[in-house]
Amino acid sequence: MLTYDAINVGDELPSREHTANIVQLFMYNAAIWNPHRIHFDHAYATEEEGYPGIVLDGPLQGDWIGQVVTDWIGEDATLVSFGYTNRRAAMLGETMTAGGKVEEKDDTSKEVKVSLYLQNGDGEVTIPGHAVVRFS
Amino acid sequence: MAELLTPELKACIGQASPPVHVEVTRRDLRKYAVSTGQKAKKYLDGDVAPPLFHFGYAMEILPLDELRHDGIGEDKLIPELPLKRLMAGSSDTVYHQAICAGDKLVVTRKLKDLYEKEGRTGPLIFVVTEVVVETQAGEPVLNETTSLIAR
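For the record, the sequence lines run as chains A and B.
Residues in the first sequence are numbered consecutively from 1, following this note's numbering.
Residues in the second sequence are numbered consecutively from 137, following this note's numbering.
Just chain A, same shape as in the assembly (with noise of 0.2 Å):
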């Protein structure tokens, strides 16, 4: 069980390596109802938008950092804000690892503030965010 007492400034969250196939992609796209092609026509995609290959969503980015938050709290705190912003577009086929760090903690209102990042095989960030959970 994780508690706001054992939680340190520095503390890093556990990482995770996500790598989607075309299938998953596909999925993702149909479950939000996006029908851009450049998430799932590589022809359109090369040719027409100029990206190196299919292109990965930025919400399913932003998401595989959000799962590092809710992953490392499970049900022992609440979830009360979190934001990522897209720097860098990452195509299909790519691994990115999604990891964080305890940026803050605030005594009064126990909530601990983290940064998150999605980094590329490069070790660029491609998705920098941020997120605030509250122990009760």
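Keep in mind that a hint or two might mislead.
[Unchecked claim] Some chain B residues judged to face chain A by a derived CB distance under 8 Å, without partners named:
#, residue
1, K167
2, Y168
3, V170
4, T172
5, G173
6, K175
7, A176
8, L188
9, M195
10, D206
11, S227
12, T229
13, V230
[To be verified] Restricting the straight-line Cα-Cα distance to at most 27 Å, the calculated cross-link-like pairs of lysine-lysine (DSSO-like) are:
#, chain 1, residue 1, chain 2, residue 2
14, B, K146, B, K248
15, B, K177, A, K101
16, A, K110, B, K177
17, B, K248, B, K220
18, A, K113, B, K212
19, B, K175, A, K101
20, B, K146, A, K113
21, B, K178, A, K101
22, B, K253, B, K212
23, B, K175, A, K113
24, B, K146, B, K220
25, A, K101, A, K113
26, B, K146, B, K240
27, B, K178, A, K110
To be clear, the hints were calculated from the coordinates, so they are not data collected in a lab.
In this text, a Cβ means the ideal position worked out from N, Cα and C, and glycines have one as well.
Fit chain B to the given chain A structure using the hints.
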């Protein structure tokens, strides 16, 4: 710097899309959980929504003949801008209560701001929208502020 945002465009700030009523189904929650690679049982069983599940509720369901060659339909909330290439910017959500299977929700999108900046490769227009999710009784569920960048 040339003014790209005319008074007519600026006048669109504050407009809102018609509220969309959604019924949260366990099946939709499970599809989202599987396709995003969730590990938590509560998500995979469709009991409760992961933090970005609501993103799909902001996607309009348009008839086939309204979809362009790129697959996307016109976003009626955002006026036609002088810069055409839209990129996802950022998303910030404040959560008030969890979304659960069986919930009946009302989703509204608002155009919060339009402003321009000079980027490294030329002018940029920032489009700030807010997605408001409430219960049918009007209790807040979540508020998401998103920014899109046109270049």
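Comparing the hints with the structure gives:
1. Given the 8 Å rule on beta carbons, the hint for K167(B) holds: about 4 Å separates it from the nearest Cβ of chain A.
2. Here the hint on Y168(B) is kept, as its CB sits about 5 Å from the closest CB of chain A, short of 8 Å.
3. Nearest Cβ of chain A to the Cβ of V170(B): about 7 Å, under the 8 Å cut. The hint holds.
4. A least Cβ separation of about 5 Å between T172(B) and chain A falls short of the 8 Å threshold, and the interface hint therefore holds.
5. Restraint check, G173(B) versus chain A: the minimum CB separation of about 6 Å is within 8 Å; hint holds.
6. Satisfaction of the interface hint for K175(B) is found here, the shortest Cβ-Cβ separation to chain A being roughly 6 Å, below the 8 Å cut-off.
7. A distance limit of 8 Å between C-beta atoms decides the matter here; for A176(B) the minimum to chain A is near 6 Å, and the interface restraint holds.
8. Because the beta carbon of L188(B) sits about 5 Å from the nearest beta carbon in chain A, less than 8 Å, this interface hint is met.
9. Taking 8 Å as the C-beta contact cut-off toward chain A, the hint placing M195(B) at the interface holds, the least distance being around 5 Å.
10. Interface restraint check for D206(B): the shortest CB-CB distance to chain A comes to about 6 Å, inside 8 Å, so the restraint holds.
11. Of the supplied interface hints, the one on S227(B) holds, with its beta-carbon coming within about 6 Å of a beta-carbon of chain A, less than 8 Å.
12. Given the 8 Å rule on beta carbons, the hint for T229(B) holds: about 5 Å separates it from the nearest Cβ of chain A.
13. The beta carbon of V230(B) comes within 5 Å of a beta carbon in chain A, closer than 8 Å, and the hint placing it at the interface holds.
14. The suggested pairing of K146(B) with K248(B) holds, with an alpha-carbon distance near 10 Å, which does not exceed 27 Å.
15. Distance hint between K177(B) and K101(A) is fulfilled; the C-alpha atoms sit about 24 Å from each other, no more than 27 Å.
16. Only pairs whose Cα atoms come within 27 Å are accepted, and K110(A) paired with K177(B) is accepted, the gap being roughly 26 Å.
17. Taking the CA atoms of K248(B) and K220(B), the gap is about 19 Å. The hint holds against a cut of 27 Å.
18. For the given pair, K113(A) sits about 36 Å from K212(B) by alpha-carbon distance, which is inconsistent with the 27 Å threshold.
19. Taking the CA atoms of K175(B) and K101(A), the gap is about 20 Å. The hint holds against a cut of 27 Å.
20. A distance of roughly 35 Å separates the Cα atoms of K146(B) and K113(A); the hinted pair therefore is violated under the 27 Å criterion.
21. This hinted pair checks out: K178(B) and K101(A) have alpha carbons roughly 24 Å apart, not beyond 27 Å.
22. For the hint linking K253(B) to K212(B), the alpha-carbon distance of about 23 Å falls within 27 Å, and the restraint holds.
23. Restraint check for K175(B) and K113(A): the C-alpha separation of about 22 Å stays at or below 27 Å, so the hint holds.
24. About 17 Å separates the Cα atoms of K146(B) and K220(B), which keeps this hinted pair within 27 Å; it holds.
25. Under the criterion of a C-alpha separation no larger than 27 Å, the hint pairing K101(A) with K113(A) is consistent with the structure, at around 9 Å.
26. Distance hint between K146(B) and K240(B) is unfulfilled; the C-alpha atoms sit about 34 Å from each other, more than 27 Å.
27. Restraint check: the Cα-Cα separation between K178(B) and K110(A) comes to about 24 Å, which is no more than 27 Å; the hinted pair holds.
In terms of the numbered hints stated before, the structure departs from hints 18, 20 and 26, listed from lowest to highest.
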